[in-house]
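Student: Read off the chains here:
Number of protein chains: 2
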Amino acid sequence: MKQQYAIGIDIGGTNTVFGIVDHRGDTLYRGAISSRKHQNIEDYIQELYEALQPAILQVGGIENIKGIGIGAPNGNYYSGTIEYAPNLIWKGIIPLAKLITEKFGVPAALTNDANAAAVGEMMYGAAKGMKDFIMITLGTGVGSGIVANGHLIYGHDGFAGELGHTTIIPGGRLHPGTNMKGSLESYASATGVAYTAREFLEQRPDQDSLLRNYPLDGIDSRIVYDCAIQGDTIAKEVYEYTGQILGLALSNFVMFSSPEAIILFGGMTKAGDLILKPTQKHMEENLLPIFQNKVKLIFSELKEADAAILGASALVWEIKDRV
Amino acid sequence: MKQQYAIGIDIGGTNTVFGIVDHRGDTLYRGAISSRKHQNIEDYIQELYEALQPAILQVGGIENIKGIGIGAPNGNYYSGTIEYAPNLIWKGIIPLAKLITEKFGVPAALTNDANAAAVGEMMYGAAKGMKDFIMITLGTGVGSGIVANGHLIYGHDGFAGELGHTTIIPGGRLHPGTNMKGSLESYASATGVAYTAREFLEQRPDQDSLLRNYPLDGIDSRIVYDCAIQGDTIAKEVYEYTGQILGLALSNFVMFSSPEAIILFGGMTKAGDLILKPTQKHMEENLLPIFQNKVKLIFSELKEADAAILGASALVWEIKDRV
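The listed protein sequences correspond, in order, to chains A and B. Its first residue numbered 1, the first sequence is counted upward by one per residue in my numbering. Its first residue numbered 1001, the second sequence is counted upward by one per residue in my numbering.
It should be emphasised that the hints constitute simulated quantities derived from the structure, not laboratory data. Nothing here was measured: the structure is a model prediction, and the numbers come from that model. Don't take every hint at face value.
[Unchecked claim] Computed list of lysine to aspartate or glutamate pairs in EDC-like fashion (alpha-carbon distance at most 16 Å, straight line): (1) B:1181 / A:83; (2) A:131 / B:1157; (3) A:296 / B:1157.
Turn these sequences into a full structure, and let the hints guide you.
Tutor: The structure is reproduced here in structure tokens:
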């Protein structure tokens, strides 16, 4: 059987990981290169090309590869370009899908990393068989991928699904990256959790907390988690507060697209019930009755290391045969 | 040519209006019956059936009718049922599409009134040719219909698109119908505008206003409009405030589905620039740069009386041939 494999590439700010994936979602080969070594995009693609050759040969050559799927920050599905990605070293608009297609000789599809994760989840993870769901990635930032009627929502320009930047608390916390106030990302990201912890410590100088064993500036979401599982009150309240904001935001998303499930993904989900329970409670409280007790709020079933490659590769199966 | 006509029915709390529409969106015949006369749904359908017979004969009989499209509050597209509609006299779950199909002998499709308006706008109005847009109806309440990838978003259960009930101001104004706080509908509906006017008058007892010529309880959105166009400061500020909340809400919707346009529809749009300008300003201010100055914020091009019938009838052209 020809063209039974897809290449998945996930471009992060620091590293690019890639793999060859079969139709069942098994990753046969994995590799990584730096995303920061080559200022020149052609040099980067050359290194990627060389790094992938041994794997391509292992599956019988490029003629067995249906295409290449890429997840990247600010990746635009329609244009196949990366546009003004603040965390990548290539500035402006990069026609990445076109450059990859020319180099490898197979079709390439590009989307942003959160959308790629949603596609991966739909094909191989917790959203298998679902036609309507929302994937929320809770990492350093908050990303999202929205599937309705079985398809990703790209919007008219390919930029749909920036739920991390929706305003949840008007006039609320300033987001230093966007200069906007009260966005979901300022509260529900790992960065937001650390910020909330510092804020609580400052607001309650007389309350004991394990968090006070750390310098205020050094508190990150991992420390908050460690203190919370040791039973620290302030640390637990940080998660309660984070879940309150996230739950409120999710209720709005539910009343928009009425998904069967919301799938949480990313580093923050390691907190388990600490984050899940308050989020679920506040989501339900803010829903109209017709939406209550219907939406599954679940964690991703994909291993985080695999999800990026799987999700990107999954884009390939949707590529129309245009070569 | 057979089956070139569709029947459109719009069921409101007080009246049911209907018409026969051709493929070009021309309404050939219009009529209306009461929605409140028959407690028994079969009796209501019988009256509707009889009222439509002269029009059906005029277009050459039922064999020239492809189907019947119905817009109704709480109408569910998937199940063809009206479910627990607070403003209709039929309680519980009404299998309306099935009853209509059995009575008329042609397929029937049902959706909520805001979704029907969105389909009408896509086929015959301001959204012609668009694949991604959001329709917001600003009337007594706030309704919405969301189109992505050229299709209405129904969600997994058929209830998607309740944007009027999303929380915009956490802990804000109480909605007496839903008991929820700070929802868009509590501010951006005609009811919300009247409420804001009364609130402003009470908060500023020393400020003159034409609005003070009316008893506080008697102020409605029409009076606010009349005073605003006469240059009354408080009345104009009511629209400014309404646009501030609506614009913020719209920015969140844009970052969800990145529509080409947001189309405003319903009684409140008669206020023209009074509502459009502040809404546009605050929408743009709350958008990430990649979304700014891209989304068309426009008024519906359909006559309100026609839109309901047109939108409902437009559902018919999407009915799969299943008879």
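Student: Now tell me, hint by hint, if it's right for this structure.
Tutor: Hints and how they fare:
For the hint pairing residue 1181 of chain B with residue 83 of chain A, the CA-to-CA distance comes to about 38 Å; that exceeds 16 Å, so the pair is violated. This hinted pair checks out: residue 131 of chain A and residue 1157 of chain B have alpha carbons roughly 11 Å apart, not beyond 16 Å. A threshold of 16 Å between alpha carbons decides the hint, and for residue 296 of chain A with residue 1157 of chain B the separation of about 13 Å falls inside it, so the pair holds.
In summary, the structure is inconsistent with hint 1 from the numbered list given earlier, while agreeing with all the others.
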